[in-house]
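**Student:** What follows is each chain in one-letter form.
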Amino acid sequence: MLMAQPILEARDLTKRYALGGSSVDALRGVSLTVQPGEFVALMGSSGSGKSTLLHLMGGLDRPTSGDVILGGETISDLDDDAATRLRRDQTGFVFQFFNLIPLLDAAENVGLPFTIAGQDPRRGEAAERVRDVFELVDLGGKEHHRPDQLSAGEQQRVAIARALVNRPAIVLADEPTGNLDFTTGGEILEALWRSCAERGQTIVLVTHDAKAAAYADRVEVIQDGLIRDEIVLGRRDDHSAAPLIARLAQLGL
Amino acid sequence: MPGLGRFAWRSLRARPLRTSLSILGIALGVAVLFAALATDAGIDAGVGRTVNDVMGRADLRVGAFEEQGLSAASLAAIRSTPGVMVADPVLEQRTYLQRDALTTATASAGAYASPITVIGVDPALDASSVGLHDLHLDSGRALSAGSTTDLLVPLRLARELGVGVGGTLTILGTNGPTAYRIVGLLSGAGPDPTAGGRGVVVSLASSAALFGSRGASWVDVGLAPAATVDSIADALAQRLTFEPFVLTDRADLATSLRASTAGFEALTALIAAVTLFGGAFLIFNTLSMTLSERVREIGLLRAAGTTRRQVHRLVLVQALILGVAGSFLGLALGFGLSVLIARNVGSLVDAGGPIDGPVVPPLGILLAALVGILVTLAAALEPAIQAGRISPIEALRPAHAGRHSVVSQLRWLGAVVVTVGVAGLALWPIALGPFGLGGAGNGAAGIARPILVYGILLVVTLLTPLILGPLGRIASLPFALFLPAEARLSRGSLARDRKRTALTVGALTIGLAMIVALGGLAGTAHAATDAWLTDVIPGDLVATSIRPIAAGEGVAQQLAAVAGVARVSPIARFSVAFRGVRVDAAAVVGSDLAADGRLTFVAGDRRAALAALDVGGSTIVPQAVAQDFGLQVGDTLQLPIGGGEAIEERIVGIVARGLPGQSGESVLLGWSDATSHFGVLGADAFAIRFVPGQAGAAEPAVASAARGLALEPTPLAGVASAINDAFGRLFSLFDALAILAVVIAGLGIVNTLTMNVYERVREIGILRSAGMTRRQVWRMVVVEAGTMGVVGAFLGCLAGVILGFALGGIAGLASPAGGPTIPWLTIGLAAVFGIGIAMLAAFQPARMASRIAIVRAVQFE
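Quick mapping for you: the protein sequence lines, in order, are chains A and B. For reference, each letter of the first sequence is one residue, going 409 to 661 in this note's numbering. For reference, each letter of the second sequence is one residue, going -12 to 848 in this note's numbering.
I should point out that these hints are in silico values taken from the structure, not numbers from a laboratory. All C-beta atoms, glycine included, are put in the ideal place defined by N, C-alpha and C. Where hints are given, some of them may not hold.
Unchecked claim - Only part of the chain A face toward chain B is listed, based on derived beta-carbon distances under 7 Å: (1) L427; (2) H463; (3) D469; (4) S484; (5) L486; (6) D488; (7) D489; (8) R495; (9) F503; (10) L511; (11) P521.
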């Protein structure tokens, strides 16, 4: 893999949450770089800080200290409006629960970033992109189904399509298969991997599941708010989790 | 139950904003209801007081028909009638204060006249043990028996004129001005409510001298202990043959006074009911919302062994807490409101009826509180039943789907609206009946109004969820022009829970409907007043006289000689007796009315009828009088003329509106009949028509000439504006009450939007993560409220126009065009107000939405 200018860079990030009268350190100095087109998994147990790291990298939250640099711009310094615009233009999010707007149909949900930006997702290039991502996630023909008319897996694929439609610099997925059965979860990971392999989409995936992490080129293992280890798997058509599980076992995880 | 009661209380306490808004909503409803009851009780007390003021301790009043009053022979006949203990004559005459007696402020206000009513009483008789009239003195002393210059002035008038005890007022009499010394001030508006607070009291001898030895206007009669009103009335009918007269007893007077305030009482009660209706919507919404966010909690309670009945009780206990708190707060607010209403009504002369101040009716307190609590419980029934249906399995589901079909939503919506509506209808007669709180509530017309109002509001509310989708799309169009993303997302959100949105919009709709309906009624009343004046008065200016001016005096000719005057038409107002009832009559010149194009004929030939009037033996009857007596063209009126005789007047025409009389519209007679048969000595008014285009120059000249002839000139426009001003103040009071209903609706919108935001926390998180700025989120919620406002404003204005038409029809108001007026200005203002209140109500929920933390939102379950 060519080492180009990183698309995303986290520098010495810390995040402290107030909890009642005390405080909790969710991140204690994390640094990480993500190259364009890379598929990175952040793996760790519940409460390890992996989701917090993802939120900071996507500009959903602000770090207590440290910087997040996305596409050469330090987003942790931006005000809310600027960070929001950057999110809209540069990032796509997929969450664990089926984060669709129930009143909008599948196509409207996918076109949401255009709608928010004041564009009509039914016309012009926006419409073209909506069609394109529908094909990518293999949901052709379901454009006008409402969320409650779609299966759980289809709903999550709509969420992925929405994350991809704006051709963002990076897609951040937070436990996207956490609420799905094994087969459906596999379909979701396939869709994410395809976008990465076929279109060069940069993806950061948060998961606690080794089978999901096995789709990544590189796995960052997070524990107690710190990156404990980095496991490089490389780009593979075979997504076997065996090498990763073996490596994790070596680490005693 | 104590455990569940505590649970219910803690649940309300956990949501202080929503609980406070709900309590405030029901409190405002109860406040308006209680204020209406207290005001009506005050009016009722005022009627009782007024009857005492008017008739003193008299059991019967014998009133004169003719200008000369009752003759000495009649007075003697009354006094000698067996069973009559005392006969106390009173002379009443309308006149003017001499202009130099007016304060600078009054004169500079541009008033052409400062009219007063002089009431002559017998001080010696009234001071005796059998005296019938008590005059309530605020300060000073009573009239001296022998004095001819003592004067008693109502306190309110004295303040207006800037005079007090010891001061002097000069009163215009038929023989010129006479100076009187104020010896006492009468409390409040004075003894005669029909004098509009401008009745001054002098001795009978003094008033007789002032007005040229006239007889008594009426004689108040006190009966001996064994005598009855009916027996004395029969005896007087036999004995009084000298001139026509009319008998009035206390019950007649109270009935007529109550009739004058009936419309006011009915309308305040109606607005109270509608406001409470809005409060019920708010309670229903609150409990439904609390329920929808507590589905899992209730599921857990059910799983832990709580029975359905206990869940029902839990919701009803919450409603009871809200109802009791709201009702008590409402009573306190209502008392304050009733004081304000009493002040407003008290400032209206002849429009609102007599009221000294609000009276707190003990049963009214109970009724208002009970209605508040019952309406709250009625509104809670459906949420309670829904809560009971939650199964324990709901506790295990990640989120409550909460989707019902539109039909099922409609069914429940209909059920709650009908429940509240039926409760309102059932309580309506109770509110107005047993406490004697409203004459208008009695009878078919009284009950027709609430049925009509509830019916129209029910239809509008039930239709709302059905048309919400298309209407919402149309309503959001103006917002979509500028904020397409926000408009698109907020529109969908309105359709999320149609029942909730429909109820929220419904509350706004009914408040705005009342404002528009009142605007329509006010507009129709204004138009009717203007039309009435211009239709019946053959002039631009009316010059009135305090004494009859005979044709031979040449006054009309002198006025006609002023440059710019086209025509001067003499008018005399008097009374006739028909079928034992006093009827207002007016002597007019038929040819003048024909030439001036006045009067709208609904039956009979205009030209022939007006010509016949001048010949004699013919009369023209206003439609209202014709309907009252079942008269038509060709019928003959038998009118007594004294001495036991009667003359016949054939009806040659029926007109839409007649000249105003003392208590209704006047039948029109020719001058020849009036002077030869009914004792009319001359004109008491001249209608003066200017040459077109010369009114500006002619008016001051005519006014000056009229004053030189001891006439008081009043331009027609001045009369119309005085009447319209009174209408305006009355309707502004109703508007204020209706605005309260819209404010309650605003509270409902705060509630609904807060709930919508609460239910969409995760959605808002997604939108924020997808690039929606805080400002866009804020605008989205405001646009949502604005869309609700537009829908509510549209439906409210539509329902208001229909209500205005219907209520106008019941009230017998008709605009000159034949249909009620559409109040475009009010519609515009109501729409702006409704949309504004809705968007203002969105402020806090929108702020809350825009501050939602994305990370927490996307993890929110």
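**Student:** Now, for every hint given, state plainly whether the structure supports it.
**Tutor:** Here is what the structure says about each hint:
1. L427: Hint on L427 (chain A): violated, closest Cβ of chain B at ~14 Å, above 7 Å.
2. H463: The hint holds - H463 (chain A) has a Cβ within 7 Å of chain B, the shortest such distance being about 5 Å.
3. D469: 5 Å, holds
4. S484: 14 Å, violated
5. L486: Violated. Min distance 12 Å.
6. D488: At 6 Å from the nearest chain B Cβ, D488 (chain A) passes the 7 Å test, so the hint holds.
7. D489: Holds: closest Cβ of chain B sits about 5 Å from D489 (chain A), inside 7 Å.
8. R495: This interface hint holds because 5 Å falls under the 7 Å limit.
9. F503: Holds: closest Cβ of chain B sits about 5 Å from F503 (chain A), inside 7 Å.
10. L511: 3 Å, holds
11. P521: 5 Å, holds
The structure fails to meet hints 1, 4 and 5 from the earlier list, while all remaining hints are met.
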